[in-house]
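Engineer: Please put together the full structure from these sequences, using the hints given.
As given, the protein sequences belong to chains A and B, one line each in that order.
Just so you know, we're using the numbering used here here: the first sequence kicks off at 715 and counts up by one.
Just so you know, we're using the numbering used here here: the second sequence kicks off at 715 and counts up by one.
One or more of the hints may lead you astray.
Claimed, not checked - Taking lysine-lysine and the DSS-like style, the derived pairs with C-alpha atoms no more than 25 angstroms apart in a straight line are:
#1 B:LYS852 / A:LYS810
#2 B:LYS852 / B:LYS833
#3 A:LYS808 / B:LYS868
#4 A:LYS748 / B:LYS810
#5 A:LYS868 / B:LYS753
#6 B:LYS808 / A:LYS748
#7 B:LYS787 / A:LYS787
#8 A:LYS753 / B:LYS810
#9 B:LYS868 / B:LYS769
#10 B:LYS772 / A:LYS808
#11 A:LYS808 / A:LYS738
#12 A:LYS772 / B:LYS808
#13 A:LYS808 / B:LYS787
#14 A:LYS753 / A:LYS810
#15 B:LYS772 / B:LYS833
#16 A:LYS769 / B:LYS810
#17 A:LYS769 / B:LYS808
#18 B:LYS872 / A:LYS753
#19 A:LYS810 / B:LYS808
#20 A:LYS870 / A:LYS738
#21 B:LYS868 / A:LYS753
Claimed, not checked - Part of the chain A face toward chain B, derived, beta carbon under 8 angstroms:
#22 PRO756
#23 ALA789
#24 PHE792
#25 GLY796
#26 ARG799
#27 ILE801
#28 ASP807
#29 LEU813
Please keep in mind that the hints were generated in silico from the structure rather than gathered at the bench.
Glycine is no exception: its CB is placed at the ideal position from the N, C-alpha and C atoms.
There are 2 protein chains.
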Amino acid sequence: MVILGIDPGFSITGFGVISNEMGKTILREHGYLKLPTTKSLPERIGIFHAFFEEKINKHHVEAIALETPFLGKNAQNFLKLGYLRGILYLLSDKHKAELYEFAPREVKLAVTGFGGAEKEQVARVIYRLFPAISIVEKADVTDAIAITLCGLWKSKQKNSLAHNYLQMNR
Amino acid sequence: MVILGIDPGFSITGFGVISNEMGKTILREHGYLKLPTTKSLPERIGIFHAFFEEKINKHHVEAIALETPFLGKNAQNFLKLGYLRGILYLLSDKHKAELYEFAPREVKLAVTGFGGAEKEQVARVIYRLFPAISIVEKADVTDAIAITLCGLWKSKQKNSLAHNYLQMNR
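Structural biologist: What follows is the structure, given as structure tokens:
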């Protein structure tokens, strides 16, 4: 199973790619995309699309994990976040990658055990789980890795439910 | 010049395609897309993308015209509208079609001469300009044709400005 987790934003989009290989959780890639502010909106959307389509193809991504957005103070930012999410829905459809969505509270709870955890606390757990990654990563990246982990756990749950179901129906 | 004008919505998306051929304004196609509510969100986004990409290719669309959205009562609808707009930005970038955006007031003012016009008034003008279209079209369709017209006028303005500029700099 290969999961791509994304924390989209018009300034910084953090992402992580995690796979499960014979019970081992491997962080295959992580980082962020910074969209150039000098480009037009359609060009930036085009760059975003090409960037994540390349990741999906490169890692043979089977599911995409996202956080559910909430309406902040700025309605225009909320709408623009929708543009990026629309692109991810399109990629999910085109590449037959399942789409999992998690509320921010759900991600924090799953990773730290506390739904009201701060970003730093999430980051500390991610550093502990993946000691190889640099401790100076942006919160956008550690957040995205946390979202990716939730996606992996969700897909495992789904697969084991399907497995149990098959067992029961034998 | 060929313009595709779109009034996106998750239930109904109206559209029009208008070209200018030797000074004559021709409505090449108009109608609406209804997204099946039985499909998943990624699937519906995929259908929307494929539908408008086909229109762009078929008519060799050079510019896309849209209305600027405003935040209504329902923040979730506003976000979902963003998904569809994101797809149109992507298509604008991919097919090198310029993107024009107009405030709803601007469209009404340009078409009817009154920024506070009702949808019926916009529809009446559209029926008068294009007598061949059926009088029972949805408001989503007549609105989209009005947006398309604004796109055509804008592109003419731009071209004549560029033309004047070239003249001046000779």
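Engineer: Has the given pair, A:LYS772 with B:LYS808, been kept, meaning a C-alpha gap of at most 25 angstroms?
Structural biologist: holds, 21 angstroms
Engineer: Regarding the pair A:LYS769 and B:LYS808, is the alpha-carbon distance no greater than 25 angstroms?
Structural biologist: holds, 19 angstroms
Engineer: Is it true that the CA of A:LYS870 sits at most 25 angstroms from the CA of A:LYS738?
Structural biologist: Answer holds: A:LYS870 to A:LYS738 is near 12 angstroms, not above 25 angstroms.
Engineer: Quick one, are A:LYS748 and B:LYS810 close enough, alpha carbons at most 25 angstroms?
Structural biologist: Within the cut-off at roughly 22 angstroms; holds.
Engineer: If you draw a straight line from the CA of B:LYS852 to the CA of B:LYS833, is it 25 angstroms or shorter?
Structural biologist: holds, 10 angstroms
Engineer: Sort out whether B:LYS753 lies within 25 angstroms of A:LYS868, counting only the CA atoms.
Structural biologist: It holds: about 22 angstroms lies between the C-alpha atoms, which stays within 25 angstroms.
Engineer: Are B:LYS808 and A:LYS748 close enough, with their CA atoms no more than 25 angstroms apart?
Structural biologist: holds, 20 angstroms
Engineer: Would you mind confirming whether the straight-line C-alpha gap from B:LYS787 to A:LYS787 stays at or under 25 angstroms?
Structural biologist: Holds, at about 15 angstroms.
Engineer: How about A:ALA789: closest beta carbon in chain B under 8 angstroms, or not?
Structural biologist: This interface hint holds because 4 angstroms falls under the 8 angstroms limit.
Engineer: Compare the distance between the alpha carbons of B:LYS852 and A:LYS810 with 25 angstroms, and conclude whether the hinted pair is satisfied.
Structural biologist: With Cα atoms ~34 angstroms apart, B:LYS852 and A:LYS810 exceed 25 angstroms; violated.
Engineer: Check whether the Cα positions of B:LYS868 and A:LYS753 lie no farther apart than 25 angstroms.
Structural biologist: With a Cα-Cα distance of about 22 angstroms, the restraint between B:LYS868 and A:LYS753 holds, given a limit of 25 angstroms.
Engineer: Tell me if A:GLY796 is really an interface residue toward chain B, meaning its C-beta lies closer than 8 angstroms to one of theirs.
Structural biologist: holds, 2 angstroms
Consistency note: the structure conflicts with the earlier hints numbered 1, 3, 11, 13, 14, 15.
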